[in-house]
Structure formats: C-alpha cells, structure tokens
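So for the sequence shown, the working numbering puts the first residue at 1; every next one is plus one.
No lab work stands behind these hints, which were simulated from the structure alone.
These figures come from a predicted structure and were not determined experimentally.
It cannot be assumed that every hint is accurate.
[Unchecked claim] Subject to a maximum C-alpha distance of 27 Å in a straight line, what follows is the list of computed DSS-like cross-link-like pairs (lysine-lysine):
1. K81 - K306
2. K503 - K441
3. K382 - K435
4. K79 - K232
5. K306 - K79
6. K508 - K451
7. K306 - K435
8. K79 - K235
9. K39 - K480
10. K232 - K220
11. K441 - K508
12. K382 - K86
13. K382 - K235
14. K382 - K215
15. K435 - K232
16. K435 - K308
17. K508 - K306
18. K214 - K81
19. K382 - K306
20. K441 - K451
21. K308 - K441
22. K86 - K215
23. K133 - K39
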Amino acid sequence: MNDNEHVARATGAVGGATFISRILGFVRDMIIANLFGTKMAADAFFVAFRIPNLLRRLLGEGSLGAAVVPVFTEYLTTKGKDEAWKLANILLNTFLLILFVTIILGIILSPAIVRVIAPGFHTSAEKFNLTVKLTQFMFPYLLFVGMAALTMGMLNSLRVFFIPAIGPVFLNISMILAAIFLAPRLEQPILALTAGVIAGGLLQFFIQVPTLIKKGLQYKATLNFHHPGLIKIGKLMLPSLVGLAVMEINIFVDTLLASLLPEGSVSYLYYGNRLVQFPQGIFAVALGVAILPTLSQQAAQNQMDKLKDTLSFGIRLVLFITIPATVGLIILKESIINLLFERGEFSHQSTVATAHALFYYAAGLCAFSGVKVIVPAFYSLKDTVTPVKVAVYAMITNIVLNLLLMGPLQHGGLALATSLSSLLNVMLLIFILRKKIGGIKGRTILVSTIKLAVTSIMMGFIIYWINAEFYDTGANILLKAGVLFGNIALGMIFYFIVSFFLKVEEMKFLINLVRNSCNSKYLSL
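All chains, full assembly: derive it from the sequences and hints.
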C-alpha cells in the first residue's frame with residue numbers, strides 16, 4: 001500500500017468516526033434547540049462552552065497534534081519504541097500537571113473571562129451570572145479532553161486513528177442523555193448540559209487507554225523537564241499555541257461582537273457554523289489528522305518528493321469533497337435548518353437568521369478546509385512559526401472586516417469576515433510553502449479544481465430544482481427528511497458519475513481504492 005492509500009484509509013477511519021459523531025451532534029443540537037431555542041440560556045451555554053473549548057484547543061488537540069505527532073513519530077522511527085514510551089510517560093505527567101493548574105485558575109477567573117468574552121452580557125445580571133456559573137462547572141472537562149487529545153496524538157503516530165476519533169461520540173451521547181433525562185429534573189435545566197459535557201470528556205479519555213496499553217505503554221509516574229524530546233515538543237508547541245490563540249481570537253471576536261447585536265445572534269452563528277463544520281470535520285479535519293503522521297515520516301526520512309506528492313493529493317482530495325459541499329449548503333441552507341432545528345423554541349425567524357449565517361460561512365468552506373490540510377505540511381517540517389505569522393495577518397483582516405460588515409449584514413457580516421480572512425490565510429500559506437519546498441503540482445490542482453467546480457454547479461441546478469418542487473417546510477418530519485436526504489443522495493450520485501466521465505483523478509483513485517479493498521477481502525476468504 002502506497003502513502004496515498006495509507007492517507008485515504010486513515011481519512012476514511014477518522015471521517016467515519018467523525019460522521020457518527022457529527023450525526024449525534026446534530027441530534028444533540030436539535031434537542032438543545034427544541035428545549036432552549038435561541039434565548040438567554042442557550043446564548044449563555046454556548047458562550048460558556050466555548051471558553052473551556054478554547055483552552056482545550058490551545059492546550060490540547062491543535063498544539064499537541066502539531067508538536068507531539070512529528071516528535072513522537074521521529075522517536076518511533078529513529079530511536080525505537082522504548083525511548084518513545086519513556087517520552088510518552090513524561091508527556092502524560094507534565095500535561096496532567098499543566099491541566100490541573102489551568103483548571104483551578106480558570107474557575108477562579110471565570111467572571112473576568114466572561115466580561116472579556118461577552119461584554120454585552122454584562123447588561124443583564126441574570127444572563128451574566130448564568131454564563132459564569134456554567135463556565136465554572138465546565139472547566140473540569142478540560143482535564144479529560146486534554147488528556148484525550150494527548151493520547152490521540154500518540155495513537156495517531158502509531159497509525160491508530162479510529163479509536164481516538166470515536167471519542168467525541170461519547171460526548172454527544174452524554175449531552176443527549178443529560179438533556180433528555182436530567183434537564184427536566186433541575187430547577188435550571190441548562191445545568192444538565194454541563195454534567196453531560198463532563199461525563200463526555202471523561203469517556204473520551206478512557207476509551208483510548210486500553211489501546212494505548214495494548215500498543216506498549218506502561219504508565220510510570222515520572223517527570224523530567226530536561227528530557228530532549230519534551231523540550232523539542234515544547235519549542236514546537238509554543239508557536240503553535242500562539243497560532244491557535246490567534247485563530248480562537250477570531251472566534252471570540254465574533255462572539256464578542258455578536259453579543260452586542262440583537263438577542264439570538266450568538267446562537268445563529270453557532271448553529272450556522274455547526275452546519276459548515278459537518279463536511280469540514282468529516283473530511284478536512286479527518287484528512288489533516290490522517291496526513292500528518294505520513295508527512296512527518298517522509299520529512300524525517302528526507303523524502304521531499306513523496307511529501308509534495310502526498311500534500312498535493314491531500315489538497316485535491318479535500319477539494320473533491322468541499323466544492324460540492326459548498327454548493328449544496330448554499331442551495332439547501334433553509335431546508336436543512338428547517339428540518340434539523342425548526343421546532344419548539346426554535347422559530348421560523350430563527351431558521352431564516354441562521355440560514356443568513358450559514359450562507360456566508362459556507363462561502364469559506366474550501367478555505368477553512370484547505371488550511372486544515374496545508375498547515376500539517378509545515379508541522380511535519382517542524383515549522384510551527386510560519387502558520388502563526390500567517391494567522392496573525394488573517395486575524396487582523398478578520399477584525400477589520402468584522403467592524404466593516406457587521407453594520408450592513410449584522411451577524412452575517414461576522415460570518416463573511418471569517419470566510420474572507422480564511423481565504424487570505426490559505427492563499428498566503430500556499431505561497432510560502434511553494435517557496436519553501438518547491439512546486440506542489442499546482443497545475444494538476446488547478447485542472448482538478450476547474451473540473452470539480454463545473455460538475456458542482458451542474459449538480460447545484462439539479463438539487464435546486466428538486467428542493468423548490470418537492471420540499472415542503474410544513475410537512476411532517478419524515479417526509480421532509482425523505483425529500484432532503486433523497487435530494488442530497490441524487491446530487492451526490494450525479495456528481496460522482498460526471499466526475500468519472502470527466503476523468504477526475506480523485507474519483508479514479510477512490511474507485512481503485514474500493515476495488516482493491518474488495519479484492520483483498522475476497523482473497524482473504
């Protein structure tokens with residue numbers, strides 16, 4: 001199996017697990033929308049949930065993935081498993097200590113954090129106090145999900161992808177159960193969601209432990225702040241932390257400014273962004289996770305031609321999915337939101353306002369996804385500084401565009417600013433990377449992109465007509481689901497058939513991958 005096949009299979013494993021998680025996430029959001037709508041409690045919860053999530057991404061997934069996977073892979077490749085597991089134990093204990101300190105400080109400083117993040121909430125004492133309370137209750141979630149992120153990096157380095165990727169499923173299940181069974185029993189029902197968050201974080205970590213032990217980890221309570229591997233990870237992690245902080249500042253600027261807009265704006269952005277994250281999480285984030293160990297191994301062995309081939313393949317593969325997804329989200333935006341959320345406290349006005357946010361977020365889907373694939377190439381080269389510099393430029397652009405667009409477009413302007421700044425981000429990254437390692441088959445990527453864009457537009461006309469003729473917002477949920485999902489399925493079939501006849505390389509690769517997999521299973525019988 002070649003490197004591209006390894007990447008594709010790993011992407012399939014991560015994407016499959018993420019798909020299950022995102023489906024459950026939409027069920028979770030449907031329940032939350034039904035119980036809390038876009039009113040005060042929902043706004044308070046979404047702001048509170050973003051705060052520990054910010055620290056999770058800063059101290060957890062992103063920065064650890066950028067630093068741990070290349071270094072841990074290098075240790076496995078050049079120094080052997082014994083040294084790699086020694087480093088793993090030092091990492092586990094060091095990170096555990098950092099998380100404990102962060103949680104204590106976070107609980108103490110929650111009122112100040114909320115004042116900074118959502119200053120508009122301060123005008124309502126009830127809303128502000130509820131947001132602070134929810135934030136404090138959810139901070140321990142950081143401990144479990146942070147440790148889960150660390151073990152995920154180790155398992156990904158060992159080419160184990162599905163088990164760590166399935167962890168978020170348990171978070172969604174926990175929140176769903178808490179909303180259904182615990183919320184009705186509490187004086188403040190929204191508090192039930194915090195219990196679900198804590199339980200989900202706990203399960204995300206412990207689901208990975210047996211596999212890590214099976215792979216060879218023998219836990220030892222050791223600390224060594226002078227270990228060269230830990231120092232190297234720290235040096236790589238620091239600029240990555242800054243870069244992720246810049247990215248999260250963009251999100252919090254959106255939240256801050258949305259808190260100054262009419263009530264519900266925070267929730268409109270949340271739900272719109274969630275829908276864009278569905279294809280992004282299943283394919284782009286999954287591909288970013290899957291491609292990093294392969295790129296890191298190629299970089300460690302100085303196989304630069306293979307690295308460029310793998311990266312070019314990754315970019316084309318993510319565009320193969322995200323271009324039609326962009327067209328589909330834009331055309332079907334109101335139907336999707338109507339089906340998923342419009343019931344209970346979530347009114348038709350909420351649907352229209354959320355669709356406004358989704359339209360502008362969807363315009364940036366290819367850019368959001370491209371960043372997820374290109375940044376790992378810098379990380380594999382142990383360059384975590386360049387993505388930070390580019391992210392700073394994108395952040396400044398985002399803030400300026402936010403201020404310019406939020407007046408005429410309200411919360412939609414905040415979503416559009418995010419998309420435009422992400423487009424700048426990905427363009428600068430590609431330009432710098434080409435100067436750093438040479439060409440990445442840009443002509444091949446361009447030809448593929450044109451073919452995919454033409455096919456996607458043709459598909460768009462078809463799904464637009466079907467949606468206009470057959471989707472009835474007032475019909476029962478089963479009928480609406482049948483029409484919407486049937487429309488999506490027909491659109492996908494059309495897209496795949498036309499891609500095949502246009503000889504799109506990614507389509508041919510996927511067909512051959514499936515054929516080889518089937519042949520391998522047949523021969524093993």
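Here's how the hints hold up against the structure:
{"no.": "1", "hint": "K81 - K306", "in the structure": "holds, 25 Å"}
{"no.": "2", "hint": "K503 - K441", "in the structure": "holds, 17 Å"}
{"no.": "3", "hint": "K382 - K435", "in the structure": "holds, 16 Å"}
{"no.": "4", "hint": "K79 - K232", "in the structure": "holds, 15 Å"}
{"no.": "5", "hint": "K306 - K79", "in the structure": "holds, 23 Å"}
{"no.": "6", "hint": "K508 - K451", "in the structure": "holds, 14 Å"}
{"no.": "7", "hint": "K306 - K435", "in the structure": "holds, 17 Å"}
{"no.": "8", "hint": "K79 - K235", "in the structure": "holds, 20 Å"}
{"no.": "9", "hint": "K39 - K480", "in the structure": "holds, 26 Å"}
{"no.": "10", "hint": "K232 - K220", "in the structure": "holds, 21 Å"}
{"no.": "11", "hint": "K441 - K508", "in the structure": "holds, 18 Å"}
{"no.": "12", "hint": "K382 - K86", "in the structure": "holds, 21 Å"}
{"no.": "13", "hint": "K382 - K235", "in the structure": "holds, 10 Å"}
{"no.": "14", "hint": "K382 - K215", "in the structure": "holds, 26 Å"}
{"no.": "15", "hint": "K435 - K232", "in the structure": "holds, 25 Å"}
{"no.": "16", "hint": "K435 - K308", "in the structure": "holds, 13 Å"}
{"no.": "17", "hint": "K508 - K306", "in the structure": "holds, 20 Å"}
{"no.": "18", "hint": "K214 - K81", "in the structure": "holds, 13 Å"}
{"no.": "19", "hint": "K382 - K306", "in the structure": "holds, 17 Å"}
{"no.": "20", "hint": "K441 - K451", "in the structure": "holds, 16 Å"}
{"no.": "21", "hint": "K308 - K441", "in the structure": "holds, 8 Å"}
{"no.": "22", "hint": "K86 - K215", "in the structure": "holds, 13 Å"}
{"no.": "23", "hint": "K133 - K39", "in the structure": "holds, 17 Å"}
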